[in-house]
Amino acid sequence: MYRMHHTLTLAMVLLLAAPAMAQSPCTDYHKFNCQRSGDKRFSINGQSKSAAIQVGNETELNIIIYRAQDYRISVCADARILGEEIAIRLIEKVREPRDVEETVVTREPVLDAQGVPTGETREVRTRQKQRIFEEVEKVLWDNTAHEMAQEVEFSCTATKRIAIQLIASGATDAKPRRSTKEFDIGCTGILVEHMPTPGLGFKK
Amino acid sequence: MRTRSVITIPLTALLLAACGGDGDAAQEAVPGLVIGGDDASASGTSLYQMPTPNELFSLVRDMAGEGHRRMLNPAANADRYVSRRARAVNFGIYSTDLVYASYFKLNVEVARYYLTTKKLAESLGIANAFTDADFIRLESNLTRGDSLEVISNQAYMRAYERLQDEDMGAVLAMVLAGGWVESMHLVIRQIEAFGSNESLMARVAEQKVTLEHLLFMMAPHLDDREVAALHAELGAIQAIYDGIGEVRSAPQGPSASGRMVLGEDVRLDLSTEQYQELVRAVDTMRGEMTRPEGGDNA
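Each protein sequence line maps, in turn, to chains A and B.
My numbering runs 10 ahead of the 1-based position in the first sequence.
My numbering runs 17 ahead of the 1-based position in the second sequence.
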């Protein structure tokens, strides 16, 4: 009886763990599937990341890029599920100040002619300026304007917060008949490479 | 509403896979999707990655002279960090010190801080990020600075990934907070030791951007009281940064490498007073973070 119970429990654990095991290969997807730059001066940046993404669902990876560095960002994905080409957009996230004016309502004591409080209060409305900060997104590059390129190289002249936004349209060829959600979730890797911006020409 | 999470996507995917459901929609490709368009899912996922300390140190190394071991948090304090917050924050501090020591070729300190960081990693449950095999590699490469950089950086990355994989978001947030403060402390002390330097000052000003990024990363864990407290303290430093003037301009021609320049040039006008205010705020926060606690962690 104990053995049967034990076997059943084990079977249930394996059954529940199966989808988890199926997802685990995504962890290092970029390390094994994204092609490195042919330029050996590029080294892999620690902000590279892999994740499971769903067809039609926008996913973004937020990273920091430093001034005086050149970067190469490439995206690789499981084409059987997510399609041959992923839409990619690089956006800068900026925290911009904005001055707003708001009405502040307070109550203050009413004074008589001699300046003595009468015991009554009155409502006073004042306008106060306040500085708030808003998150603004600026599109820096969009691969739909670059023949759906799956990689981009650029120089960075100012340290920035950027997001690499991805969306997959899905594979267009025939798919298995099985009707389960798992067939629109696939692995994607974002490989970030960097090097100090090299100068052109002869050095003295 | 975009959800912010470093670790939730595998879980979401796992749940979707486990739950199954109507797959008809999944059977059809979704042609011509536009990022940010109406056809994209409203509930996108945001993942955050923080740059490793070596990126900053590699940028400042050439302009900052030699490294100074007196700037590091004394390794002997490691046994006296008992609470979860102190262990996590000082793990971030010591691992940043380790990377600094390897970048500035403080070879004896590299070995010392590797062991110190390993000790705190054990107490946080991520011991296997720092292996004995790596320590042997490290010892045999003590005269080869480049190898030390690689080994210490690999250990840092493994710890970082381990914290992400193990769903330890709150601890990771505290580790990164400690690492950010220590990076600032080390660059500021380099400026003091090396003399005022415009390029180094500019790097301090640019840390405004990494701080913003860090605060976003911490935001999903604000229900943790210790993370919330650190977030508030870092918020006070952000308020100083918010006072810095920022001038944006279109890039002047292609970059020196011939590659396209991404986005605008940004100049941050950090005044001497604002710099001093930043120094005081960072010193106060680091002093509080590194203060040994009563007990013994050994």
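Hints listed in this document are in silico derivations from the structure and should not be mistaken for laboratory results.
The reader is advised that the hints may include incorrect statements.
Claimed, not checked - When the alpha-carbon atoms are kept at most 30 Å apart in a straight line, the in silico DSS-like pairs for lysine-lysine are as follows: (1) K139(A) x K103(A); (2) K103(A) x K41(A); (3) K136(B) x K122(B); (4) K50(A) x K122(B); (5) K41(A) x K136(B); (6) K136(B) x K139(A); (7) K103(A) x K148(A).
Keep in mind it's a predicted model, so treat the numbers as computed, not measured.
Restraint status (C-alpha distance of K50(A) to K122(B) at most 30 Å): Between K50(A) and K122(B) the Cα gap is close to 24 Å, so the pair holds against 30 Å.
Distance restraint between K139(A) and K103(A), which requires alpha-carbon spacing of 30 Å or less: Holds. K139(A) to K103(A) sits at ~25 Å (cutoff 30 Å).
Checking one constraint from the list: CA of K103(A) to CA of K148(A), max 30 Å. Satisfied? holds, 7 Å
When you check the alpha-carbon spacing of K136(B) and K122(B), does it fall within 30 Å? holds, 22 Å
Under the criterion that the straight-line Cα-Cα distance not exceed 30 Å, is the pair K136(B), K139(A) satisfied? violated, 51 Å
Given hint K41(A) paired with K103(A) - CA-CA distance at most 30 Å: holds, 27 Å
Would you check the hint for K41(A) and K136(B), treating anything up to 30 Å between C-alpha atoms as holding? holds, 29 Å
Checked against the numbered hints given earlier, this structure breaks only hint 6.
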